[in-house]
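As you go down the protein sequences, you meet chains A and B in turn. Counting with the numbering used here, you get residues 1 to 402 for the letters of the first sequence. Counting with the numbering used here, you get residues 403 to 579 for the letters of the second sequence.
What the hints contain is simulated information worked out from the structure, not anything from laboratory work. We put the CB at the ideal spot given by N, CA and C, even for glycine. A hint or two may mislead.
[Claimed, not checked] Taking lysine-lysine pairs in the DSSO-like style, the calculated list, with each CA pair at most 30 angstroms apart, reads:
#1 Lys424(B) / Lys406(B)
#2 Lys424(B) / Lys239(A)
#3 Lys7(A) / Lys114(A)
#4 Lys406(B) / Lys489(B)
#5 Lys419(B) / Lys257(A)
#6 Lys239(A) / Lys161(A)
#7 Lys257(A) / Lys451(B)
#8 Lys7(A) / Lys257(A)
#9 Lys161(A) / Lys383(A)
[To be verified] Which bits of chain A does chain B cover? Going by a derived footprint, with three or more residues having C-beta under 8 angstroms, they are:
#10 141 to 155
#11 269 to 283
Residues per chain are reported as follows:
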Amino acid sequence: MNFSFSKRAPKVLMGVIALGAAATLVGIMGDHTDHHQRTWASLLVNAFFFLGITLGALFFYSLQNATETAWSVLVKRVFEGIMGFLPIGAIAMIVVLAAGSLGLHHIYHWMDTKLYDPSDPEHYDAIIAGKEAFLNQRFFWVRTIAYLATFILFARWFRSKSLEMDRMSGDTLVRTHLLVYRRSALFLVFFAVFSSILAWDWLMSIDAHWFSTLYGWYAFSGMWVSAMISGVILVLYLKRKGYLPQVNNSHIQDMGKWVFAISFLWSYLYFSQFMLIWYSNIPEEVTYFQTRINEHPGLMWGTFFINFAVPMVLLMSRDAKRNPRFLIGVGSVIFVGHWLDVNMMVMPGALGHHFHGIGLLEIGMFVTFLGAFIYTVLNTLTKAPLTPVNHPYLEESVHHQI
Amino acid sequence: MANKVIYAVYEDPEQLKEGARKLVSNGIKVKDTWSPFPIHGIDPIIGVKRTRLAIVAFMFGITGTCLALLGIWYMNIFDWPMNIGGKPSQALYKNLPAFIPVTFEFTVLCAAHGMSITYLIRNNTLPGMPARNPDPRSTDDKFIIEVRTADNHGHSAEAITGLLRTTPVFEINERQY
Chain A
1 MNFSFSKRAP KVLMGVIALG AAATLVGIMG DHTDHHQRTW ASLLVNAFFF LGITLGALFF
61 YSLQNATETA WSVLVKRVFE GIMGFLPIGA IAMIVVLAAG SLGLHHIYHW MDTKLYDPSD
121 PEHYDAIIAG KEAFLNQRFF WVRTIAYLAT FILFARWFRS KSLEMDRMSG DTLVRTHLLV
181 YRRSALFLVF FAVFSSILAW DWLMSIDAHW FSTLYGWYAF SGMWVSAMIS GVILVLYLKR
241 KGYLPQVNNS HIQDMGKWVF AISFLWSYLY FSQFMLIWYS NIPEEVTYFQ TRINEHPGLM
301 WGTFFINFAV PMVLLMSRDA KRNPRFLIGV GSVIFVGHWL DVNMMVMPGA LGHHFHGIGL
361 LEIGMFVTFL GAFIYTVLNT LTKAPLTPVN HPYLEESVHH QI
Chain B
403 MANKVIYAVY EDPEQLKEGA RKLVSNGIKV KDTWSPFPIH GIDPIIGVKR TRLAIVAFMF
463 GITGTCLALL GIWYMNIFDW PMNIGGKPSQ ALYKNLPAFI PVTFEFTVLC AAHGMSITYL
523 IRNNTLPGMP ARNPDPRSTD DKFIIEVRTA DNHGHSAEAI TGLLRTTPVF EINERQY
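Turn these sequences into a full structure, and let the hints steer you where they fit.
This is the structure in structure tokens:
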């Protein structure tokens with residue numbers, strides 16, 4: 001059975017997008033930073049956050065294939081749906097990066113060529129110039145295009161094979177399944193490298209003087225947990241609308257477990273990065289947290305509290321992970337928490353002293369993206385049966401019980 | 403009339419589940435089942451209460467957290483404050499990040515050891531404890547349902563065995579106790 005929009009859903013979503021866009025416009029008019037830096041930074045936050053969700057979904061999807069996991073077969077179409085937003089997220093990301101390259105904003109300070117010229121002592125920056133082999137525009141664009149092209153190609157290939165498998169049976173089905181299994185493993189190899197480096201390129205290079213070797217994993221775990229929350233909320237929404245009748249409590253609990261577990265992964269990585277930098281207290285490293293702790297303590301600690309304590313306390317028990325309303329509520333809170341976390345990564349570096357916390361502009365942009373994201377995902381879900389018709393592990397997934 | 407305990411021996415977990423379902427649907431209480439491995443889905447059939455192990459695990463964990471913090475506070479803040487890396491130890495909360503790894507490890511240590519010991523005690527498998535299973539074959543290839551007449555006053559032992567015979571049972575043993 002395919003998903004179809006209820007009469008109200010598109011209107012509500014369009015209303016959400018319009019409301020968000022209106023708020024964004026009002027926010028942009030109130031944005032008096034140079035080059036509308038705040039608007040661009042906000043666009044970067046949302047482009048990265050929502051692109052990150054699709055990448056997290058793509059990663060989880062290939063992880064399930066590569067480990068030949070049976071229980072998640074019933075919900076694989078939901079993750080394919082989330083992957084439907086990947087091209088749009090990629091375009092938004094390219095827009096922000098291209099604007100930086102063209103000098104429309106100065107979020108990426110290192111893109112300024114004057115920094116690399118020793119004959120210009122006023123602008124020359126020895127630290128950034130020392131990173132020129134990696135941080136130069138040509139190589140930066142080669143990498144960016146390589147990541148996005150790889151992700152989109154794999155996502156499209158997975159989707160087309162998944163749809164083809166619906167019409168297969170017997171040996172061809174098993175052969176295709178094994179091919180998907182091998183390609184997923186291959187994708188994970190690419191993703192392991194790219195997920196880390198793209199976080200350096202798109203986020204860490206905002207604070208070009210600073211570096212953290214854990215940053216890539218930290219950004220990746222944030223993407224992953226946001227993707228798991230999107231997945232579980234979507235499954236619960238579809239179930240409530242009467243779709244996915246075979247998805248039972250055990251599937252829901254397992255997805256809740258993923259949200260719980262990856263929240264811990266995120267907390268672990270966040271804390272590992274923070275604790276080492278805080279403890280060693282080396283000036284060139286500690287600046288990153290000094291800005292954040294001194295100027296935005298509420299946002300800094302609040303984000304960690306929401307993303308660590310809330311899932312730990314509220315999602316620990318078995319009943320909590322089986323209660324749809326509760327799961328949606330807690331999931332939404334953590335979802336916003338991870339959006340705040342991306343703000344925390346981008347804003348203090350991109351705006352410096354001009355960042356005064358989350359305002360109408362940031363919220364408007366978030367709501368616009370959220371509306372477009374949900375619409376695109378649901379629209380992708382209308383295009384294929386919500387439950388895969390054929391899969392070697394479908395039967396096992398239907399009888400999943402824990 | 404002496405109380406009797408009836409052991410219905412099956413050769414297959416699915417057959418055991420079938421037998422258990424039949425007994426329960428006739429209002430007979432199943433005392434326990436014995437099997438070489440956990441039987442998936444038997445708990446709701448014979449009405450096993452939800453395990454409290456998760457709560458115990460949480461208690462062990464939180465005990466570990468508290469003990470670790472108490473120990474660190476006593477050693478590094480109260481008894482012998484040390485200035486490490488330019489971080490004067492005046493209060494626990496100011497140095498908390500540095501103490502988290504130890505606290506975390508001790509939480510895991512207490513939870514893991516506590517649960518291992520709890521497991522051994524609950525299963526009566528601490529070293530030297532006598533085995534409780536009624537039939538050694540239940541550790542190999544047989545699956546056994548235990549029914550006690552004392553739990554089922556409305557049913558005679560004959561009625562229960564008669565009912566069991568309608569299921570694919572391998573053998574039925576009765577014992578006085």
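Consistency of the hints with the structure:
no.	hint	in the structure
1	Lys424(B) / Lys406(B)	20 angstroms, holds
2	Lys424(B) / Lys239(A)	33 angstroms, violated
3	Lys7(A) / Lys114(A)	56 angstroms, violated
4	Lys406(B) / Lys489(B)	71 angstroms, violated
5	Lys419(B) / Lys257(A)	29 angstroms, holds
6	Lys239(A) / Lys161(A)	25 angstroms, holds
7	Lys257(A) / Lys451(B)	22 angstroms, holds
8	Lys7(A) / Lys257(A)	33 angstroms, violated
9	Lys161(A) / Lys383(A)	14 angstroms, holds
10	141 to 155	violated (count 0)
11	269 to 283	holds (count 7)
In summary, the structure is inconsistent with hints 2, 3, 4, 8 and 10 from the numbered list given earlier, while agreeing with the others.
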